[in-house]
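Chains as they are written, first to last, in this note's numbering: chain P, 66 to 445; chain A, 233 to 505.
To be clear, the hints were calculated from the coordinates, so they are not data collected in a lab.
Treat the hints with care, as some may be off.
Unchecked claim - Residues from chain A shown here face chain P by an in silico Cβ test under 7 Å; the list is partial:
id : residue
1  : His299
2  : Pro307
3  : Met314
4  : Lys455
5  : Ile498
6  : Ala501
We put the CB at the ideal spot given by N, CA and C, even for glycine.
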Amino acid sequence: MSNVEIVNGNELVAEAAIAAGCRFYAGYPITPSSEIPEHLSKRMPEVGGVFMQFEDEIASVIAAIGASYAGYKSMTATSGPGLSLKQEGLGLACMMELPLVVVDVMRGGPSTGLPTRVSQADYMQARWGTHGDHMIIALAPSTLIETYTETIRAFNLAEKYRTPVLLLTDAVLAHLHGRVEIPDISNFEIIERTQPTVPPEEFYPYDVERFGMVPPLPNKENWRKFKFHMTGLNKDKTGFPTVDSKKVEEDEERMINKIMHNIKDIESFEYYMVDDADLLVIAYGTNATAARVAIDEARAKGIKVGMFRPITVWPFPETQVYDLSKKFKKIIVSEINLGQMLYEVQRAVKGNSEIFTVLLAAGVPIRPQQILEKIEEVSK
Amino acid sequence: MSVDYSKYLRMDKLPLYWCPGCGNGTVLKALLTAIDELGWENNDIAMVSGIGCSARGPGYVNFHTFHTLHGRAVPAATAIKMCHPDMHVVVFSGDGDMTAIGGNHFIHACRRNIDITLIIVDNWIYGMTGGQYSPLTPTGTKASTMPRGNIDPTFDVVELAKGAGATFVARGSVAEPVILKNYIKKALEHKGTSVVDALSNCHIQWGRRNKFGDPVKLVDYIKSVTISQAKAAKLSKEELEGKYITGIFVDDSTKKEYTQSYKELIEKAQAKA
């Protein structure tokens, strides 16, 4: 790609994946994610990577996990129904601690819902869709350029913490065409999984005693030398199954802590006109763009309103929201669903703030006017 | 010539998790013997499984081993082969794993003709979960979820694999382990998707419900219901009712292998780029 391109969000995800070093893509056709596989089917062979369209969503996520085991940076992309099908695989990647990027281009639901229309209704599915205790990282870009940069960050976090990372875009962002200055990739830090320094016979895939919370994992160049076992069963440091309750407890807690203890590195958010504000809007993804317009218009009318925008939407930025709750008596939560992040905000404010909502599940974006009306109503 | 199995086994993982006399050990031995005869190095082999008794097999061998989800061994194996086309990739899984929950992946791997070997340890039952019937449980026999006898018709895995496009298809049994080893060896050597239906004994979960609780009796029974292709050719359809024909049914090297096709695709894309 040359420097300035007319592109859509899906193409940016695909191009950023390649820039981040992704060399394995497996997917299954689903609207509105289709331009991601279409673009990668062209680009992957050019860079010597693997593109495969599988027989179903499940095979796609498992193949991406298999490729990650084999040392490759890998990705799959889908939309709501497909994410439902991939959930068992997502849990496998959590348990095996394999880096993986799963793109979910959100559309209406439940079920087939509104395949071509926008929603943010997979917010909770992203967090709790797979069974069992686990932690997940999910990123929600809000603009075209952020779609590119957050895809790169998704790969970096996946590699750094050996975990699946979800990229939550939506039908609007996916199909929004715009002029985008593609950043020079050399300006980005591209993170690779830490490589083993021990001889192959001393290597264990979960050797946390020697190498800390996120132990090394062979990349594609080194993989062949290191024979190791991985399973979806609870495992010990060697990668083999264990039912030792102490080991299981430690491992379950570590898998969550490796993310929560590094939350400063993983969290990402934006404060927009918050400093002098006395009313706060919390919004993310595409919907934050509408909220920004509403805030600008409200400001023009003299209403002091600001926005807190989580970019890392999981883990939920509860410390930040709690701190904001001490300052703001009233908070408006807006999202393109019937209230999902709302639960997290309600939990995080610990009763400090009164919560108002602008929610919509109708297959269309929330208009800035709707958010503005709520701002005006609440600020009276 | 005796084989030093300690070269292939993770000796610290023994004893096996399987019940005494289980056919999984016989099939695994046939696989390791075939690998030994081929002279393959451990580092060049990946063994992948789904869920079930036989799916524990990879845990015992000193290869690259990957124990995935129920039914999902084949897409994982496909990915590993695509990432490292010069590796030997083997799937070792049961009849339920491969032909029920993993059935879609099974037929599509056969269709693609990717160079992986799929060994189905076909013991007619879900052993680990307690003897429920699988798509390969013989009709009329008992299972924990068919206490009055199985009313489901079975797949003929050989016909299924053939129809789906596998370029090597064989059936052997634990009753004739040397012949089974030879089939597995040919399957491993074959460049393309190879399928070996390895009839095996689960005397605990299938056997005890069907008057074959003794492993030797069950292996003898398996022998009595199998018949070689040559002998089968002389029998009528009626005479073959309830028999499992053993042999090599497909051995076709003319169809292009998938990683080769993908390699050519890369060359084409890079020449243009």
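Status of each hint after checking the structure:
1. His299: Result: holds, 4 Å to nearest chain P Cβ.
2. Pro307: 4 Å, holds
3. Met314: 5 Å, holds
4. Lys455: 34 Å, violated
5. Ile498: Because about 5 Å separates isoleucine 498 of chain A from the closest Cβ in chain P, which is inside the 7 Å limit, the hint holds.
6. Ala501: Interface hint status for alanine 501 of chain A: holds (4 Å vs cutoff 7 Å).
The structure shown violates just one earlier hint, number 4.
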